[in-house]
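K.L.:
Residue numbers (our numbering), protein chains in the order written: chain W, 137 to 835; chain D, 37 to 193.
Treat the hints as calculated values from the structure; they're not laboratory data.
Do not rely on the hints blindly, as some may be mistaken.
As the list claims (entries may be wrong) - Not the full set, but computed from the structure, chain W residues with beta-carbon under 8 Å of chain D:
no., residue
1, K309
2, D318
3, L321
4, P322
5, E769
Unchecked claim - Sample of chain W residues lacking proximity to chain D, with all beta carbon distances greater than 10 Å (derived):
no., residue
6, V374
7, A436
8, E475
Cβ atoms here follow ideal geometry from the backbone N, Cα and C, with glycine treated the same way.
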Amino acid sequence: MSTIASSPSLTDNPRCCDWLDLSRPGRVVLKSGKVEIGQGITTALVQIAADELDVAPGIVTLISGHTALGPLEAGTSSSLSIETGGRAVRLAASAVRAILLAEAAKLLQAPIESLSVDAGRIAVEGRETDLTYWSLAPAVDLTAPVMDHARPKAPAERRLVGTSMPRIDLATKAAGPGFIHDVELPGLLHGRTLDPPAAGRRLEAFDEEAFKRAFPTVQIVRDGSFVGVIAEREDLAVRAIAQAARLATWSQGFAVPALMREAIAADAAEPETVIEKGDVSAAEGRLISTEIERPYIAHASVAPSCAIATWNGDALEIYSHSQAVHDMRAPLAKALGIEARNVVVIHVPGAGTYGHSGQDDVAYEAALLARAVPGRPVRLLWSRAADFSLAPLGPGAIVRAEAKVNSGGRITAFSIQSQSQAHVSRPGRGGTLNLVAAERLATPLQKGKPLDVPVERGGGADRNAVPLYAFPSIHVSKRILLGLPYRTSALRALGGYANIFAIETLMDDIAAEIGADPVAFRLRHLEDARAAAVISKAAEMAGWPGPRAQGEGLGIGFCQYKNRSAYCAVIVRVVCDERVRVTHAWSAVDAGEAINPDGIKNHIEGSIVQSASWTLKEQVAFDGDAVATRDWEAYPILHFSEVPEIEVDLLVRPELPGLGVGETAMGPTAAAIGNAVNRALGIRVRTLPITRDAILAAG
Amino acid sequence: MDAIRLHVNGKALDVRVAPDTPLLYVLRNDLGLKGTRAGCVEGQCMSCTVLIDGRPQTACMVPVSAVGDQHVETVEALAGEKSNHPLLDGILEEQAGQCGYCLAGMLMRAKALLDRNGAPTRADIVAALDGHLCRCGAHVRILRAVERAAQAGRART
Chain W
137 MSTIASSPSL
147 TDNPRCCDWL
157 DLSRPGRVVL
167 KSGKVEIGQG
177 ITTALVQIAA
187 DELDVAPGIV
197 TLISGHTALG
207 PLEAGTSSSL
217 SIETGGRAVR
227 LAASAVRAIL
237 LAEAAKLLQA
247 PIESLSVDAG
257 RIAVEGRETD
267 LTYWSLAPAV
277 DLTAPVMDHA
287 RPKAPAERRL
297 VGTSMPRIDL
307 ATKAAGPGFI
317 HDVELPGLLH
327 GRTLDPPAAG
337 RRLEAFDEEA
347 FKRAFPTVQI
357 VRDGSFVGVI
367 AEREDLAVRA
377 IAQAARLATW
387 SQGFAVPALM
397 REAIAADAAE
407 PETVIEKGDV
417 SAAEGRLIST
427 EIERPYIAHA
437 SVAPSCAIAT
447 WNGDALEIYS
457 HSQAVHDMRA
467 PLAKALGIEA
477 RNVVVIHVPG
487 AGTYGHSGQD
497 DVAYEAALLA
507 RAVPGRPVRL
517 LWSRAADFSL
527 APLGPGAIVR
537 AEAKVNSGGR
547 ITAFSIQSQS
557 QAHVSRPGRG
567 GTLNLVAAER
577 LATPLQKGKP
587 LDVPVERGGG
597 ADRNAVPLYA
607 FPSIHVSKRI
617 LLGLPYRTSA
627 LRALGGYANI
637 FAIETLMDDI
647 AAEIGADPVA
657 FRLRHLEDAR
667 AAAVISKAAE
677 MAGWPGPRAQ
687 GEGLGIGFCQ
697 YKNRSAYCAV
707 IVRVVCDERV
717 RVTHAWSAVD
727 AGEAINPDGI
737 KNHIEGSIVQ
747 SASWTLKEQV
757 AFDGDAVATR
767 DWEAYPILHF
777 SEVPEIEVDL
787 LVRPELPGLG
797 VGETAMGPTA
807 AAIGNAVNRA
817 LGIRVRTLPI
827 TRDAILAAG
Chain D
37 MDAIRLHVNG
47 KALDVRVAPD
57 TPLLYVLRND
67 LGLKGTRAGC
77 VEGQCMSCTV
87 LIDGRPQTAC
97 MVPVSAVGDQ
107 HVETVEALAG
117 EKSNHPLLDG
127 ILEEQAGQCG
137 YCLAGMLMRA
147 KALLDRNGAP
157 TRADIVAALD
167 GHLCRCGAHV
177 RILRAVERAA
187 QAGRART
């Protein structure tokens, strides 16, 4: 058994019973700490468990993200849910099957090799018996460690995994009560909170008496500059908070350099070396460099953040759509002055999330409100403006990259430096609190210094800054800015979006400089056959290099996410007239084993669209310390009429571990658009987003 | 609070609410029809689109008192006990969603389109849905789902 690789998710949840429960006849209860954020993970987990157990997926009930009933896994982030959570489910289900079959073999006095399972019923030499998982379950000990019994199927034995099983949750989400916003609880009350103009502002004056006169049936909760209302009816809470906003005066903001370039230059942060290999300064060759700039980007989930909190004595129950249901307990408890074991968090999906948005903040604020009404659940829904302006943003960045290319057309040295605010400041990470309302209490709780992610965990600002290309010498560094006032944290792909844009547009610039074809130039520098295969496949799909025409062109981008998750090449076709239109996108992806091929394709299609939206349109604007882009008119995203036709092909490798796909297309899509615009117009745009103005400024 | 009679998905329903209450909250909280999604609640994202006498409108911007005798249709009308409306089947067959939050509003907009044009072109569908926001990027599948529904609807008649 020692040859079977474990999963980090099993470290804190090592027992079979942490993952599976067979106490309900005819049902399999599967438990996971990974949660549905729109990516289809719950369907994939059910597929994996049903396959290993040889049962129909329809009898599997999934408990996902319940801290009292399920395993306490790390958050649903970093494209790790299949790699770690899915692996744990596979191992646990295989262990439960092995334990049950051993018991059946004993009772039937038959060799275990002669047994098979169909729909949970045991057969000997293909003949049915009276034994089922559920008749056997009371006699076996499912507290046994998973790794003592795990014996996952060989790839050829899998039946459900590798098929495109439809999503288990889509029908309810399309037309029924599928979201946290829809949860009904007895005695549910409705909460709203007062939005400060920016995270750090103080409430200078608030006419609480006038508010109470106007809304005598509405409960008001105030602690320093945190103000919320609780009402029996949602429409009443909405009216009340609008009135409260009129009765509030906030402290003034402060000026911040309007140009990010200046703000970044003025910051005192020192660069830190991430990786150094060889001596870049000693390498021979012609120096070619780039410097790219990406703006701050909003999560812009279609629904604002939401949570439901109920207090019973010192015990707090939270319904949340957070990606970090377990990890949020300790910081929440600390901020509320209770024990973490008294906090139960139950995940219910919200609209899609793409990182650390306001999901944890709203849970804390719901708890602050609900404390005023013990025993009654309070649902807090943030305003659209709060979701845009108070939630963490994906940080703006400047990335400088340079390479030396020798007379043989090979890159001899490569250097890159990423500069931005920290990319991860989730509550609890590195001991930080980082709950936005905690900073405006009468006795403020400070958030602490944000930490970036170390490169061993995939890096933050430096995510995907280490090129996958085989360059003889490299130097990778980052500069984490601490002087800027904006609230930043994890947004899809973290620094990988800007770093891959920098690396992959520089690769095209160098290829152009030496007269090489961009695809051939990349292949020349790749020793990883899987990387080469996705690039070649995408080129074939797109008909690379395509016809050359004024204002039209193909462009390519590539990465292996975190240099360890899925490989992804993207080619786009752009047409540039009064604006840039991406008309087509082709992508080849190698995610190893594909649990659900259509689920992967759907996810890649979605990330191509989202990345195209960031790359062509999106940019958070500031007014000093405050976010100025507070609604959809000020912060437009890609519309139906702007979305390309998309074709995705998977290079499936059933014998290799499944790799996360959630973020891998973000950087390649951006680079592909930048490179396509350059080929269409002969203009290299280095400032994102690639708008008409950005093209005119660069041209 | 006023007593107001609404006609929703073919039923007459009575509620007691303030007359300026947005229809969105009445549908979701008083009538328990949770399928109509609260998105921006500012009339911009279109998540809460319902049909009022066949015309798509954002329920967050319509005071309940303005509905009067008009007939309101919500996404719940598309999910039948025996069979679904072709649009909902189209979404499921194309697996046209990720988080799924935007779908209900789009389904209602698409229903209004198919009710007046049973053979829409891709451009017609794009134009109808263009104001609806989807952050996950399921657009191409959603367009295919509506095309599939239009074909299924034509096959049925």
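K.L.:
Next, verify each hint and record whether it holds.
P.N.:
Structure-based check of each hint:
1. K309: holds (3 Å)
2. D318: With a minimum Cβ separation of about 4 Å from chain D (threshold 8 Å), the hint on D318 of chain W holds.
3. L321: Where the cut-off is 8 Å and the nearest Cβ of chain D is about 13 Å from L321 of chain W, the hint is violated.
4. P322: Violated: closest Cβ of chain D sits about 14 Å from P322 of chain W, beyond 8 Å.
5. E769: Holds - the Cβ of E769 of chain W comes within 8 Å of chain D, reaching about 6 Å at its closest.
6. V374: violated (8 Å)
7. A436: Since the minimum Cβ distance to chain D is about 6 Å, A436 of chain W lies within 10 Å and the statement is violated.
8. E475: holds (33 Å)
Going down the numbered hints, you'll see the structure goes against 3, 4, 6 and 7, while the others check out.
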